[in-house]
Structure formats: C-alpha cells, structure tokens
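Engineer: Spelled out from the first residue to the last, the chains are:
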Amino acid sequence: MPHSLTPPLTAARLVIARDLTLAFRRPEQLLQPLAFFVMVTMLFPLSVSPELSQLRAIAPGVLWVAALLAALLALDFLFRDDAQDGTLEQYALSGQSLTWLLLGKTAAHWLLTGVPLSLMAPLMGYTLGVPPAASAGIMLTVALGSLALSFIGSIGAALTLGVRRGGVLLSILILPLAVPILIFGSRATELAIHGEAYVAPMELLGAIVVLSFTLAPLAAAAAVRISLE
Amino acid sequence: MTWVWFHRLGSPPYIYRLAGRLTPWFGWIAAVLLLGALFDGLVIAPPDYQQGDGFRIIYVHVPTAVLSLTIYTSMAVAAAVGLIWRIKVAHAAAAACAPVGASFAAVALATGMLWGKPMWGTYWVWDPRLTSELLTFFLYLGYMGLRASFDDLQRADRASAVLAIVGVVNVPIVKYSVVWWNSLHQGSSLSLTGKDTIATPMLVPLLVSMLGFTLFFAAIVLVRLRAEVLRRERAASWIGEAIAT
Numbered sequence: 000m001p002h003s004l005t006p007p008l009t010a011a012r013l014v015i016a017r018d019l020t021l022a023f024r025r026p027e028q029l030l031q032p033l034a035f036f037v038m039v040t041m042l043f044p045l046s047v048s049p050e051l052s053q054l055r056a057i058a059p060g061v062l063w064v065a066a067l068l069a070a071l072l073a074l075d076f077l078f079r080d081d082a083q084d085g086t087l088e089q090y091a092l093s094g095q096s097l098t099w100l101l102l103g104k105t106a107a108h109w110l111l112t113g114v115p116l117s118l119m120a121p122l123m124g125y126t127l128g129v130p131p132a133a134s135a136g137i138m139l140t141v142a143l144g145s146l147a148l149s150f151i152g153s154i155g156a157a158l159t160l161g162v163r164r165g166g167v168l169l170s171i172l173i174l175p176l177a178v179p180i181l182i183f184g185s186r187a188t189e190l191a192i193h194g195e196a197y198v199a200p201m202e203l204l205g206a207i208v209v210l211s212f213t214l215a216p217l218a219a220a221a222a223v224r225i226s227l228e
Numbered sequence: 000m001t002w003v004w005f006h007r008l009g010s011p012p013y014i015y016r017l018a019g020r021l022t023p024w025f026g027w028i029a030a031v032l033l034l035g036a037l038f039d040g041l042v043i044a045p046p047d048y049q050q051g052d053g054f055r056i057i058y059v060h061v062p063t064a065v066l067s068l069t070i071y072t073s074m075a076v077a078a079a080v081g082l083i084w085r086i087k088v089a090h091a092a093a094a095a096c097a098p099v100g101a102s103f104a105a106v107a108l109a110t111g112m113l114w115g116k117p118m119w120g121t122y123w124v125w126d127p128r129l130t131s132e133l134l135t136f137f138l139y140l141g142y143m144g145l146r147a148s149f150d151d152l153q154r155a156d157r158a159s160a161v162l163a164i165v166g167v168v169n170v171p172i173v174k175y176s177v178v179w180w181n182s183l184h185q186g187s188s189l190s191l192t193g194k195d196t197i198a199t200p201m202l203v204p205l206l207v208s209m210l211g212f213t214l215f216f217a218a219i220v221l222v223r224l225r226a227e228v229l230r231r232e233r234a235a236s237w238i239g240e241a242i243a244t
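Line order of the protein sequences matches chains A and B.
So that you can map any letter, position 223 of the first sequence is 222 in numbering that gives the first Met the number 0, and since no number is skipped, the others follow by simple counting.
So that you can map any letter, position 142 of the second sequence is 141 in numbering that gives the first Met the number 0, and since no number is skipped, the others follow by simple counting.
Hints are computed from structural coordinates only; laboratory data are not their basis.
Keep in mind that a hint or two might mislead.
What the hints assert, rightly or not - On the chain B side, residues computed to face chain A include the following (Cβ under 10 Å):
| # | residue |
| --- | --- |
| 1 | 35 |
| 2 | 105 |
| 3 | 109 |
| 4 | 110 |
| 5 | 121 |
| 6 | 122 |
| 7 | 134 |
| 8 | 135 |
| 9 | 140 |
| 10 | 145 |
| 11 | 153 |
| 12 | 157 |
| 13 | 158 |
| 14 | 166 |
Stated by the list, open to error - What the simulated footprint calls covered on chain A by chain B, stretch by stretch (three residues with Cβ under 8 Å from a Cβ of chain B suffice, anywhere in the stretch; the number is not a length):
| # | stretch |
| --- | --- |
| 15 | 168-177 |
| 16 | 219-227 |
Note that CB positions come from ideal geometry on N, CA and C, so glycine has one too.
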C-alpha cells in the first residue's frame, strides 16, 4: 500500500534545508563565487582607469557582468555533486514531483550564491565610486536578477550534467538567455546610482523572475530525467 | 481523419525515400525563383530614392534574416515533436535544421554589415536588432555544441530538444526588438495585415526571393535529413536496398 507523500511545498522546503546544511558544512564553495566576483570587479580599475569618475560611469555594467560571471561559475556545481552521488536519481525515483524538488534546489542555490552576491554588490559599487545612497537599489536589483539567473541557469546546469568539461558549454548555452536580465538589471542599477526611480526596469526584471521560476523548473526536471536515462 | 500519414512520417525508410523524391522539386523551383528574383531585383527594379542601389541587398538580407528565425522555430517544433512522441526522425530533422539556420543567420549578419558600412557609416553598431540576431546565431551554436558533446545519440537528441524549446523565447525578442527599443535598424517594410511600405516593383522580387530561399532551405534540409537518417540507421537492413536502387 502506498504511503501518503509529503506535500510538494514541504518537500521543496526540506530540500532547501538540506542543501543549506550541506553548504554550510563546506563553506569554501560559498566563498569562491564571492571571491571571483570581487576579483573580476578589481580587474576594471586595473585595466580601464583608477579614475573614480570614469569608474562610476561604467559601474552598473561592471557590477552586472561580474555578478553574472560569478553566478555562472556557481551554476556549474548546482547539480553536479548530487548527480555524482546518486541523490538526483533518488529524487527522480521518490515519486515526489521532480519539478518541485528542483525548485527547492534552485532556490537554495540562489540563497547561497545570489544573496551573498547582492550583499557584496553595493560594497564593490562603493569602491567604484557609487554613492552609498544607491546601496539598497543595487542590492535589490542584483538579488532579483540573480534569482532569475539561477532559475534559467538551472536548465543549462541540468542539460550539461552528463557532459565532460561542461563548464564552458554551460556558459555558451545560458549567456544568450541571460541577456534580458543583464539589460534590465544594469539599467535599473544605473538609475539607482543616479538616484532616479528604477521601478520600471525592476518590474520587467520581476516579470522575468516570475516567468523563469514558474517554467524553468519544468524544463530542468525534463533535462535531469534525460541525464538519468 | 486518420493519422496514418503522420505516423508514416516517423518511419526512417519512408522519410528517406520521400525526402529523396521531394528534394529535386524544391531544389529546382528554388533555383528558378532565386535566379528570377535576383535578376528582377538587381537589374529591373528601380534604385531607391534614398539608398540608391544599396537597398538591393534586401533581396538576400531580408529572406535570410526572416528564415533564420523561422528555421529556429521549425527546429524547436521538430524537437518538441521528437521529445513528446519520441519520434526519432523528428530529432533527425531538428539536427538537420541547425547548421542551415546558423548559416542563414550568419549570411543575414554579413549582408547587414556590408549594407551598414555605406548606409550607417559603420559595419557594426550595438543595436538591439543586430545584437539579438547575433544571439540567435549563438543559440544555434549552443544547440550544435550541446548536441556534439554527447556520445549517446538519444541523449544528445533529447537534451538538445529541451534547449531548442527553451531558446524559442528569443524569437519574439528578435522579431519585435525594432518595435520595443528605439533601434537604428529600420522597421519592417512588409506586413500581412496592413499596407506594405515598399513600392510594388521592389516588392515583387523580394517576395519571390523569400519564397525561393524558403524552398532552398527545404531542399537543403531534406538532403541533410537523408544523410542524418542514413547515419542513424546505418545498421538497419533497409539501407542496403535503399542505396542499391
């Protein structure tokens, strides 16, 4: 007789709790994307000019490109460990909706990479000459943008699961799809830096978030199943 | 209505023979139409009052640009059919579409750049339409890259199918980028419902050329599909008979 299943929302929450616990036991994986983000940002004063007025002009683009690259780097290990030790297979066999479980996994991934990145972004912005008054705006836009990116990226991470050296391929697959996030995100950040209302691009960013977190887990679940075949 | 014709399309020997029979039809009609359209467009049509003879590049640029998106959509539809009904031939068709679509996107970009130099004074601007067409090109590359990175054909088929379907979101973005953003790229001169904003002597060769390029695409894809089917079914017994005849 089949026992009753945990409701999908609870299951997703359990997955989030599990992934957070695992991540905090190995904190170096958490710090790597952050260090990468700081280092990429650091390259711009070194390569363009240390002049604050110039840096301020390119700050939104720099912050977003660096955050995008750091988030992409982190995506590579979104599913990898769980695929290797068979956890994903157990998820697929559990009878629980794989879509919900992956929704939980991706949400946990965002909490572990997107949120730290968005907390770090105003700090790095400050080093590029961005006034501290814009901090809340930068934090908010990077948080929303990285949320959408985590979900869109989960499709790519799932698709490249069985691929040797899938890291570069993952970037090639995901970057074209991440372009709208970059456009609206850097636009919102730019407006925030100039102290103007950044609601309009934020709303578009929010629309992308809603679209990606409702549809991407479906595609990611399909991709994970393919990789398990 | 019976679905026999549809299920028959899923049979590799049937599609192999059908594609073989259709290819010359599409190919020759495409050749005639394209030669006619190019002669009409390059020689007979009057020069544009603003762009002079430069506008004539639309007879290659517009059909390839439109088709690069249409091919992506057909590729995604074929991939979806393959994924949902598990029809191997549909995956083969999607695989056959990708390099053709990538080439069309490349031709559209190249002709656009050649036109841009005298008209805009530069080969390239970071304009939404140009950028999103470039992204279409990269989506094709990603699709082919993903396909090539699996050893197992079935997994390559199914994984790349998911990617093709996800990538469809890019198609409306390219199509409407001229409308949504203030683009340097001019808007479309053609419209299905409204009045075309192009003079008839210039329009006729354009429409003929679009039809010609579409048939040309069909002919190429059928040839590629046959090759793809041969490669996939190389162990099957019907291949011997098919090649012998």
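Engineer: All hints are to be evaluated individually against the structure, with a verdict given for each.
Structural biologist: Hint-by-hint comparison with the structure:
| no. | hint | result |
| --- | --- | --- |
| 1 | 35 | violated, 37 Å |
| 2 | 105 | violated, 15 Å |
| 3 | 109 | violated, 19 Å |
| 4 | 110 | violated, 22 Å |
| 5 | 121 | violated, 21 Å |
| 6 | 122 | violated, 21 Å |
| 7 | 134 | holds, 4 Å |
| 8 | 135 | holds, 8 Å |
| 9 | 140 | holds, 7 Å |
| 10 | 145 | holds, 6 Å |
| 11 | 153 | holds, 7 Å |
| 12 | 157 | holds, 4 Å |
| 13 | 158 | holds, 5 Å |
| 14 | 166 | holds, 7 Å |
| 15 | 168-177 | holds (count 6) |
| 16 | 219-227 | holds (count 4) |
Hint compliance for this structure: hints 1, 2, 3, 4, 5, 6 are broken, all remaining hints hold.
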